[in-house]
Each structure stands twice: as C-alpha cells, then as structure tokens.
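2 protein chains.
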Amino acid sequence: MTNAGDVLAADIGGTNLRLARVQAGGHIVQEVRVQTQFSQLSGLSSEAAAQAIVNTISQAAKPLLDVNIIGLGIGFPGFFMGDSGILASSPNIPQLHNFKLAESLSQQLSMPVFAQNDALCAAIGEQSFGAGKGMNNLLHITLGTGIGGGLILNNQPYTGESGMAMEFGHLRVEHDDDARLCGCGHHGCVEAYASATAISTRYAEISGEKLETKVVFERAMQGNKEAKAIIESAGTYLGRAIAEAIKLLDIHTVTISGGLIGAWDMLHPSMMNALNAQLIPPQQNKVRILPSALKDNAGLLGASSLIKYRV
Amino acid sequence: MTNAGDVLAADIGGTNLRLARVQAGGHIVQEVRVQTQFSQLSGLSSEAAAQAIVNTISQAAKPLLDVNIIGLGIGFPGFFMGDSGILASSPNIPQLHNFKLAESLSQQLSMPVFAQNDALCAAIGEQSFGAGKGMNNLLHITLGTGIGGGLILNNQPYTGESGMAMEFGHLRVEHDDDARLCGCGHHGCVEAYASATAISTRYAEISGEKLETKVVFERAMQGNKEAKAIIESAGTYLGRAIAEAIKLLDIHTVTISGGLIGAWDMLHPSMMNALNAQLIPPQQNKVRILPSALKDNAGLLGASSLIKYRV
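Going down the list, the protein sequences come from chains R and A. The opening residue of the first sequence carries number 0 in numbering that gives the first Met the number 0; numbering runs sequentially from there. The opening residue of the second sequence carries number 0 in numbering that gives the first Met the number 0; numbering runs sequentially from there.
Certain hints may be false.
Calculated lysine to any residue pairs in the SDA-like style (CA-CA distance at most 20 Å, straight line) [stated by the list, open to error]:
(1) R/Lys-285 / A/Gly-77
(2) R/Lys-227 / R/Glu-217
(3) R/Lys-285 / A/Cys-183
(4) R/Lys-132 / A/Glu-160
(5) R/Lys-285 / A/Ser-161
(6) A/Lys-285 / R/Glu-217
(7) R/Lys-285 / A/Gln-22
(8) A/Lys-285 / R/His-96
(9) A/Lys-132 / R/Glu-160
(10) R/Lys-285 / A/Lys-285
(11) A/Lys-132 / A/Gln-22
(12) R/Lys-285 / A/Gly-81
(13) R/Lys-285 / A/Lys-132
(14) R/Lys-99 / R/Lys-132
(15) A/Lys-285 / R/Glu-160
(16) R/Lys-294 / A/Pro-90
(17) R/Lys-285 / A/Ser-88
(18) R/Lys-285 / A/Ile-85
The hints are simulated quantities; they were obtained by calculation from the structure and are not laboratory data.
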C-alpha cells in the first residue's frame, strides 16, 4: 500500500546505499539496498565521480518511483553548504568539491531532492521519530568506526558556517603527552578512546587478542573484567566530551546511535557519572542521555524528514 | 540632542551599574553610573533583594527618562529563561529564583523592558556594532576576573535550555591530576589558566610577586620573560578552548573583550597557533579571532540592542 505524499529517503555509506519509501510518521514501506563501492571512485575525475554517484542513486531509486512520490531526501557522508544540497567536500571522495548533489539528482529524477550530512540526518531522524521526539534541541552522537554527530537547535538542523558543525569525535578528552593518536592526526580525541575501533584496539592492547567490538561486548557481558573496564572507560570519555558540549550549548537531551549502544547498561552509568562530574553545579543533573530508538534507521528516516524542513 | 526612538541600556555588575541613553547606531548620548553593592543584599529575603534591585535600576534610570524613550534593555549577571526577562538564578545573589526582573521594571517605569545575561549582551553588542558587526554567527568571550561568553547563531542570541549556554570559562583544557583548580570546584578549566585572576596568580607562583594583572602585562611588554611566558600560555589555553567550540559549532568569527585584550599582540599569536593545531584539517585557517571594538561598552550597547530583537 502506498499513499500520495510518500517520500523517498536514501542513506548512503562508503560500501552500501539504502533507499526506502517512507510514509508520513516515519513508516518505511519498501526498501532496496545496493553496493556503492565509493572506494572504486578514487581513480575517477571529479566530474566522473559525481556522475557515478548520481547514476548509482537514481538507478537504485527507479524501482521505488511512482507519481505519488513527492521528493527524495539524502543523507551523505560529507560537508554540505547549509541546506543548499551542495556537497562542499567529502573525506571519502576527496576529488569532489562543491558538487551539486541535490540539483543533479533533481534533474535526473524530475522531483525535489534535498541532501544533508549523514550524521545530521541521524539527529533529524531521532528528533522527528525517535528518542528525541518532540525536543526543540537535541545533540545526537553516532558511535561507530568513528564518532560523529548532529545538532538540532531551536527545532532546526544546525550545520555551522562550513557544514562542519558537530565534529564531536574530535573533542579532546586527554591532554597528556601520551594521549592516544586519533585518525585525524591529533592526540587525545574522544574517537581515539570510545569508537568501536578504539574499543577493539584498546582491548587487544591489554588482552593480546584482537577481536571485533561486538565480541568485546559479549565478553564484557559474560563478566570479563578487562572488556568491562574498557567499555566503562569509553563511557567515561564520552561523558567528558558530552560535558564540553553541554557547557557550551546547554541542551537537555542527548541521543546516541551506533553499534556501541548494544552495551548501554555498561556505557550509560559511567557516561552519566563523568558528565555530571564535569559540569558546573547549576548545570548538573539536567541532562538525559538516551539510546537511539531508531537504531540503523535513524539516518534514513532523518533523510526522509529533510522534505519537511523544505517543502 | 535626543531623538524619538532612543533606548535606555543598563549594564549591571556586582559593584556598579551603568545606565545610558543610546541612539540608533549604538551612539551613547548620556550616561550615569551608580554603585550597586549587591554584596549587601546577602542578608535580605528573596523579595527584599528583588525589590532593592528594581529600585536601584529605576532610580538610576529616572534622570534619563523622557517621552522619547521607547524601552530599556538590561544586561545582568545571571541565567535568564530564554528571552522572557525572568532571571532563573544568579550566582552572586543566590536567594533569587525566577525573579521577573524585566516585568517588575516594566511596571515601575511604564515602558517595555528586556533583560538578558551580561556576557550574552556583550556578544550582541559586538555583533550589532563592534568587531563582529554583520556576522550571522559569533562566539564572544569575556576575559575578566572570570571567563564567560555569549553566542549568536543564525543572527539570534543563543541562550540554551536553562539560560546557561556558553559556560566557556569551564571548558576543560587540562586533564592531568595536577590540573589547576577552578573557582567552580573542578580542575583544568580554561578560567583557571587564562582569566585575569589566573594570570596574576600564575605570575606570583613563579616570580614570588603578587601583582595586578595589568602590571603583569606591563612587565611582559617591557620584556620580562616570565610575564610574557604566562600571557602566551594563557593564549595557548584560550586557543585550545576555542578549538573545542569551533569543532562543535563551526563558527568563523570569535571576538574577545575584557582587560586581557590589552596584551593582544602577545595573546593572539599563541591563541591562533593553539586553535589551528587542535582543529581537524578541513576546519583549519577558517576562523578569525578579533579583539572587541567596543571595549567596556560591549555589554551596554548589547543591552540596548535587546530592544531590536523584541520590538
């Protein structure tokens, strides 16, 4: 069953793309998944890479198209210029600059298209349909291979002046000379302590075993002390970083998505303790940190909501 | 000379109050200063303290009142609930809670009255008339006995959900066990390294001489190495803290007011170096840090601009 007024939503990652038909209220009624293999774009020119992205998305969209679709919203990993749908740059596809992603797809598909940063879409999803539903202000954190985030202020997605707001993973939580090295080239970023990658690496350092993060979780839940200590430590570092954001933004609701929320019962207490220990007294005990209610669908449903902000 | 449409502006501190008549364009045409001595309110009940504040401000305003005044804007040290003019709390006058400062004065003076946090008023002043003029987004830092700040986002003052946004002075710049103790009770806050008080204290620790901050500046400018090192170190710590704010907010213009900008030529290079050293590469070299153009008048002129946001 489909209704007039449905939207398409795309959640685009480095290795695969999800495209769904979404009805009012955030109901996914049809979905396709295709491989994207953006790593194979690296040899292409800027124009050819852009064309390949447009073709991949529009091909994936075709089976879901009909006259009742009013538009397409896209979450894409990269920095967008405000709500223009122009991708200023993308760390994964460095040859792209000021790529008119939304406009190109709009011409190809003959419908309104909006595009925004993928982590900001996850924030929009949680605020529209998930754990942050009804909140005017929301700080959303994506815990995965890296750590990112998105910000809703005064009921609007906040992008920053270069589309680079909420580089949450690079907030600094250690300043010692021996602080851990982050993928960004700096030391002491929260991502170097609390991402899925960091948890796996830190467990390997003390146990000698290199395991997938979810296996580290399983060990922790079975009572393994080293695994438990690392997950609690990740919570402490996340709490420290969240505290810095609350000191600046005074937001009362934080939501977190990503695989790490599977270990919520271990993560949450240490996160809350560290958060309240860092805040100045009048800010203490005002902030809730909630696990995503939408899980893997946060970005996709947020992309569908891009339409509501623009149409 | 006065015009129809002038506003009154009040900048209220713990020991004195400035009240001015301000014309369009931020021109101060008349000003009075009176002592406030809020420390003497500490023995009073909540109601009596509130009444004393209203009386002090309205008495000070009387000589400046005439039929051409369209309203009064007030900058006050404390946390306000949004733009309601209700003071939720004030660290200096702890017995006050949810004090309807603007409404009480509006009844007393029979004109529209708006009130907001003093550091946010300084941000509004710089954005309206000063170093941040014309910027849609501005991060303003007040460097004084303590360190505070105000934020303008999308051309609007940003207060946060409890009026506690921009507790910039309590961003953490050291995490070592021996990080300096801050007045808030925590260790490692930027205020404990870079406020005027901290600079004086840190100079005393290495020189054995307890001097006023401005004397430490004079020594530094005369070539005293210890004094210079401490001011440059204060710049480094400020740059670190500004970096955290930029990672979250992606703002391109930062302004700084307060006595410490007297040492700008020593402060600015170390601040910029630390800032760019902490940012992720795509955010580097996009941010300007400017000294206040309004100096002591930033808060007063910002208070006058509260009228433009509401009338």
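Hints and how they fare:
1. Only pairs whose Cα atoms come within 20 Å are accepted, and R/Lys-285 paired with A/Gly-77 is accepted, the gap being roughly 18 Å.
2. Between the alpha carbons of R/Lys-227 and R/Glu-217 the distance comes to roughly 10 Å, so the proposed pair stays at or under 20 Å and holds.
3. Simply put, R/Lys-285 and A/Cys-183 have alpha-carbon atoms about 17 Å apart, close enough for the 20 Å limit, and the pair holds.
4. This hinted pair checks out: R/Lys-132 and A/Glu-160 have alpha carbons roughly 16 Å apart, not beyond 20 Å.
5. The suggested pairing of R/Lys-285 with A/Ser-161 holds, with an alpha-carbon distance near 9 Å, which does not exceed 20 Å.
6. Proposed proximity of A/Lys-285 and R/Glu-217 is contradicted: the alpha carbons are some 44 Å apart, above 20 Å.
7. For the proposed pair R/Lys-285 and A/Gln-22, the alpha carbon gap of about 41 Å is over 20 Å, so the pair is violated.
8. A hinted pair counts as satisfied when its Cα atoms are at most 20 Å apart, and A/Lys-285 with R/His-96 qualifies at roughly 17 Å.
9. Distance check on the hinted pair: A/Lys-132 and R/Glu-160 sit about 16 Å apart at the alpha-carbon level, within 20 Å; holds.
10. Between R/Lys-285 and A/Lys-285 the alpha-carbon distance is near 34 Å, which puts this suggested pair outside the 20 Å criterion.
11. Note on A/Lys-132 and A/Gln-22: the hinted pairing holds, with a Cα-Cα distance of about 17 Å set against a maximum of 20 Å.
12. For the given pair, R/Lys-285 sits about 16 Å from A/Gly-81 by alpha-carbon distance, which is consistent with the 20 Å threshold.
13. For the hint pairing R/Lys-285 with A/Lys-132, the CA-to-CA distance comes to about 34 Å; that exceeds 20 Å, so the pair is violated.
14. Pair hint R/Lys-99 plus R/Lys-132 does not hold up; C-alpha atoms about 31 Å apart against a cutoff of 20 Å.
15. Using a Cα cut-off of 20 Å, the hinted pair A/Lys-285 and R/Glu-160 holds, with the two alpha carbons roughly 10 Å apart.
16. Restraint check for R/Lys-294 and A/Pro-90: not satisfied, since their Cα atoms lie roughly 41 Å apart, outside the 20 Å limit.
17. At most 20 Å may separate the alpha-carbon atoms for a hinted pair to count; R/Lys-285 and A/Ser-88 meet this at roughly 15 Å.
18. The suggested pairing of R/Lys-285 with A/Ile-85 holds, with an alpha-carbon distance near 19 Å, which does not exceed 20 Å.
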